[in-house]
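Chemist: Here is what each chain is made of, one letter per residue.
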Amino acid sequence: MSLALPLGLVWAGAAVTALLDGRRRCVAWLAVGVLGAGFVALCVLQAHVLVDGPRTIVAGDWPAGVGIALRADALGVVFAVLSMGVLLAGLAYEVVDDLESRHTPALVLFMGAGLTGVFLTADIFNFYVFFELTMVASYAASTYGGERHQIGAGFIFAIVNLLGTFLFLIGLAAIYTVTGTLDMDGVGFALAQSEPTAVALIGVSVLVAFSIKLGLFPFHFWLPPVYVGATPGVAAMLSGAVANVGSYGLLRFGGDLLPDLFAAGAGVLAVLGSASIVYGAIQAISRRSASEVLAYSAIGQVGYVLIALAVGGPVGYAAAILYAIVNALNKALLFLTARVRGWLVGACFAIGALSVAGVPPSAGFFGKVELFRAGIDARSAVLVALIFLGGALSFVYMFQIYQRDFWRDRHDTSGGRALQVPGVLLALVVLGLGLWPEPLLAVSREAAATLTGGQR
Amino acid sequence: MTLAFALAAGVLAGSGAYLALKRDLLRVVAGIVLIANAANLTLMASGGTRGESPILPVEGEISDPLVQAMTLTALVIGFAVIALLLSLVYRVYTGYDTLDLDELSKEEARHAREIDQQARDDDDVAEAEGR
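Protein sequences, first through last, are from chains Y and F. Heads up, the first sequence is in my numbering, so the first residue is 7 and it goes up one at a time. Heads up, the second sequence is in my numbering, so the first residue is 21 and it goes up one at a time.
Keep in mind the hints are simulated off the structure, nothing from the lab. Since the structure is predicted, the reported quantities are computational estimates derived from the model, not experimental observations. Don't take each hint at face value.
[Unchecked claim] Not close to chain F: a few residues of chain Y, all C-beta gaps over 10 Å, as computed:
#1 ALA10
#2 ALA21
#3 HIS54
#4 ALA159
#5 ALA164
#6 PRO231
#7 LEU267
#8 GLU298
#9 PHE378
#10 LEU437
#11 GLY459
[As the list claims (entries may be wrong)] Quick list of the computed label-pair ranges, beta carbon to beta carbon:
#12 THR22/F <-> ALA272/Y: 31 to 37 Å
#13 GLY30/F <-> ASP58/Y: 25 to 31 Å
#14 THR22/F <-> ALA448/Y: 44 to 50 Å
#15 PRO224/Y <-> VAL96/F: 51 to 57 Å
#16 ARG43/F <-> VAL274/Y: 45 to 51 Å
#17 PHE227/Y <-> GLU81/F: 43 to 49 Å
#18 LYS42/F <-> SER386/Y: 41 to 47 Å
Where a beta carbon is used, it is the ideal one built from N, C-alpha and C, also for glycine.
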């Protein structure tokens, strides 16, 4: 019951608010309340999963392998909690800032329902359905504000990401042809015994599809206009919640279903990741406005996740999961604080900037520590040097914005105390996880263990 | 049979890619529609003739019913996505008075220049105040 509860709750909330006028205060706060309830339900679920192990329910009590299953394991549930939390902060920010469009609360709730479904499904076709639900809601939400440049960017966003989605659908058809099953466990088992050429084609289509969502270097061109044009709350949701689908998809399909192929293609992943890190950092340094720097920084930061995936094994996967979590929190925090002013927000932005650069006492420090561990584990001096270089470059660009935007008080456009609350709460989370990282490290190792079959 | 499916899907995807590279937005949407249907056709073909009948046992070769259910779902999702894309095209048209993709890129470049200029102006003001 508790497994279907968060999904059903957010879904029902989305259906109801879609019929109501989201500009009215009570409707908007109802949507925030539903997201909050979903977040709490997911936290409870996470506690259960971490204590008692994975939970599965099969629709209609069909035998396993016939019915469609929902499964919560440590990997899925941690991404679900993270994404729901970021959506909650982003929507709260937009609601406090006065919503201008009647359908935004419903769109965010549909995103929440889709994301919860993506992370909690055990069926690859249902994965596609929830994935498409999330993406369609985010195409529509990205045009929030209705400016000309936003609609143009939203159109390109939709077209490019749809190409990725259809590529994923073709890969899914290929998986079904090869394995004859849709259940993730069965797929992983059958793919391990399939012909390598067929598996390689599947792997490439999956890698490209999720790289487009993540905005990795050669597939990134849709990303800057969308993140730059979007309002702060929407940009936080896109970079902190929707982009998680890309990291999770690569971990689930790469680490869980195609481990041999991703181990064989580690070189490709490392090159793509390094290119992303260097390209994102150099572009970010050359930009002057905060939103542009953050957009290019998003391209650079996902490169680290890919590098950790390339290292693989318990250490590499744990580093990838930890970095994906920390990066999502950082991006949400920075987008939510970049356009508000005041000493408190300045301090919060500085925490986010330190976290991106990987300086203690912020959660980003442990993200970088785990990456270094993965690099040393792989015995690669190049990787360690690259992670250090990337960190140094991100320190430069983050504090360039900090200096430009926060050391000058002329810019006082602060929209009241309430607008600061979501950013401050996220900053406390980032700071708290930096001071007491044990839960975060334990959760990411537990989640990595689901990919390596219990090996730690 | 597999070859026929593969050829049909290939032709659909190829024509779709050709249209998606055009500058007219409606053609781009038409290209996406064709690519979506190439994916649906591949999904149809993935069942082949290895299926079993779902409830009553039937003799002879039977297509897999599961892929038909999946394709139906994918088709419906495709319709919804195309409706969304067409409404986006309409909003582009009311905003830009044209359906040329070049205008979108120009607007993107103009917006990027505008915010860059804004940041530069702020730098200049700050420098002047500093002196």
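Chemist: Now tell me if each hint is right for this structure.
Modeler: Verification of the supplied hints:
1. Remark: the non-interface label on ALA10/Y is consistent with the geometry, its nearest Cβ contact in chain F lying 20 Å away (cut-off 10 Å).
2. Every C-beta of chain F lies more than 10 Å from that of ALA21/Y, the closest at about 15 Å, which supports listing it as non-interface.
3. For HIS54/Y, the non-interface assignment is confirmed: its Cβ lies about 31 Å from the closest Cβ of chain F, beyond the 10 Å cut-off.
4. Annotated as non-interface, ALA159/Y brings its C-beta within 10 Å of a C-beta of chain F; the closest such distance is 7 Å.
5. Not every CB of chain F lies more than 10 Å from the CB of ALA164/Y, the least distance being 6 Å, so the non-interface label is violated.
6. Against chain F, the non-interface label of PRO231/Y is violated: not every CB pair exceeds 10 Å, the least being about 5 Å.
7. Every CB of chain F is more than 10 Å from the CB of LEU267/Y (nearest about 19 Å), matching its label as outside the interface.
8. Non-interface call for GLU298/Y relative to chain F: violated, since the shortest CB-CB distance, roughly 7 Å, does not exceed 10 Å.
9. Taking the minimum C-beta to C-beta distance to chain F, about 34 Å, the non-interface status of PHE378/Y holds against the 10 Å cut.
10. At roughly 28 Å from the closest C-beta of chain F, the C-beta of LEU437/Y stays outside 10 Å, upholding its exclusion from the interface.
11. With a least beta-carbon separation of about 28 Å from chain F, GLY459/Y lies farther than 10 Å from that chain, consistent with its non-interface assignment.
12. At roughly 33 Å, the beta carbons of THR22/F and ALA272/Y sit within the given window of 31 to 37 Å.
13. Evaluation of the 25 to 31 Å hint for GLY30/F and ASP58/Y yields a failure: the beta carbon distance comes to about 49 Å.
14. In this structure the hint that THR22/F and ALA448/Y lie 44 to 50 Å apart at CB holds, the actual value being about 49 Å.
15. With their beta carbons about 32 Å apart, PRO224/Y and VAL96/F fall outside the hinted range of 51 to 57 Å.
16. Between ARG43/F and VAL274/Y the beta carbons are some 33 Å apart, a value that contradicts the proposed interval 45 to 51 Å.
17. One distance hint, 43 to 49 Å for the beta-carbon pair PHE227/Y and GLU81/F, holds here, with the actual separation near 46 Å.
18. Remark: the range hint 41 to 47 Å for LYS42/F to SER386/Y is upheld by a beta-carbon distance near 45 Å.
Checked against the numbered hints listed earlier, the structure breaks hints 4, 5, 6, 8, 13, 15, 16; every other hint is satisfied.
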